[in-house]
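S.K.: Sequence:
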Amino acid sequence: MIRQAWDWLTGDKRSTYGLAVTRMILGFIVASQLIVNWPDRHYTWGDGAAWTELVRESKSWPSFLGLFKQVDGHVFDLVYVVTIVFGLLLMVGLYTRASAVMTLFLWLSLYVSDPFVGSGGDAVLRMVLLYLCFTDAGKRWSVDARLRADRGDVRPLMPDWFSATLHNLAVILIIHQVVMVYVGSAFWKVQSEVWRDGTAVYYPLQTDAYSPWHDLLHPVYAIAPIIAGATYMAVVVQLFFPVLLIYRPTRMVALVLITGMHLGIGIFMGILYFSLVMIAVDMILVSDRSWIRGFEWLKNRRRTPVSAS
Numbered sequence: 000m001i002r003q004a005w006d007w008l009t010g011d012k013r014s015t016y017g018l019a020v021t022r023m024i025l026g027f028i029v030a031s032q033l034i035v036n037w038p039d040r041h042y043t044w045g046d047g048a049a050w051t052e053l054v055r056e057s058k059s060w061p062s063f064l065g066l067f068k069q070v071d072g073h074v075f076d077l078v079y080v081v082t083i084v085f086g087l088l089l090m091v092g093l094y095t096r097a098s099a100v101m102t103l104f105l106w107l108s109l110y111v112s113d114p115f116v117g118s119g120g121d122a123v124l125r126m127v128l129l130y131l132c133f134t135d136a137g138k139r140w141s142v143d144a145r146l147r148a149d150r151g152d153v154r155p156l157m158p159d160w161f162s163a164t165l166h167n168l169a170v171i172l173i174i175h176q177v178v179m180v181y182v183g184s185a186f187w188k189v190q191s192e193v194w195r196d197g198t199a200v201y202y203p204l205q206t207d208a209y210s211p212w213h214d215l216l217h218p219v220y221a222i223a224p225i226i227a228g229a230t231y232m233a234v235v236v237q238l239f240f241p242v243l244l245i246y247r248p249t250r251m252v253a254l255v256l257i258t259g260m261h262l263g264i265g266i267f268m269g270i271l272y273f274s275l276v277m278i279a280v281d282m283i284l285v286s287d288r289s290w291i292r293g294f295e296w297l298k299n300r301r302r303t304p305v306s307a308s
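So in numbering that gives the first Met the number 0, spot 214 of the sequence shown is number 213, and the numbers just go up one at a time.
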């Protein structure tokens, strides 16, 4: 078993297709959030966020993360645009590792400039960006991959086994963090009475913050079986998520259920970016073999002629 584990760790790089999807979605999230918040950038992260100074001083952040606190005016705008550019570079996979490092640094600097802005999804994004720096996230579906194919074989800077080990360890750590998020969330939920009696989902849907559909879907939210089903399903899927990952058939069931849950949260509660982050990270759990099988199935479907009725 030790030999098999060592071979798995030092052999091929794992979850390369899933990491490509994760990379693209995370880069899109970083760039799109900053583009959408362009009109409010100074109030959110610039001079207008000075009222958060007491909170910032209470935390011992490294001084090099104070970039956005040290610039203002047009220089602030320039650094802000540079952050968007690196998010886009990460998304398309150009200079992927350097783009991941710079995106992580700039995104952390934004968070330090105003800790009140963000959510649980942003915390997961920062964590995954850190591990992404140690992976070969540009191996698939990237500009780097196209350039490598055109350039041919190039002598690597480090041995293949070392690069693969670094990559696979980072993948393991990302999966570990995802599992801990789900299991920790489930254990927190079961301690609350509203989650145990099946009504927890009802209450946030009655607020303006988590009800983007306003009164349109309120009659549906008033149906007790739907609310109870959504409440208990969230707890069960999160609690047993690591168990379902053990076997391939149940793993696919777990991924379908957890993706459906996040789509529901994003669509019906309006927490879009949190849902996108979690879906992006969950894609790493789909093995390269499954991605390849899926592509082959799609190709066969496209080649199969449609019979006339």
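Incorrect hints may appear among the rest.
Said to hold, decoys possible - For lysine-lysine, the following BS3-like pairs were computed, each having C-alpha atoms within a straight-line distance of at most 30 Å:
#1 K138 with K298
#2 K298 with K12
#3 K58 with K188
#4 K138 with K12
Since the hints were derived computationally from the structure, they do not count as laboratory data.
S.K.: Please go over all the hints and tell whether each is borne out by the structure.
M.R.: Evaluation of the provided hints:
Annotation: proposed proximity of K138 to K298 holds, straight-line Cα distance about 22 Å (limit 30 Å). A distance of roughly 25 Å separates the Cα atoms of K298 and K12; the hinted pair therefore holds under the 30 Å criterion. Simply put, K58 and K188 have alpha-carbon atoms about 29 Å apart, close enough for the 30 Å limit, and the pair holds. Between K138 and K12 the alpha-carbon distance is near 9 Å, which keeps this suggested pair within the 30 Å criterion.
This entry satisfies every hint, going by the numbered hints stated previously.
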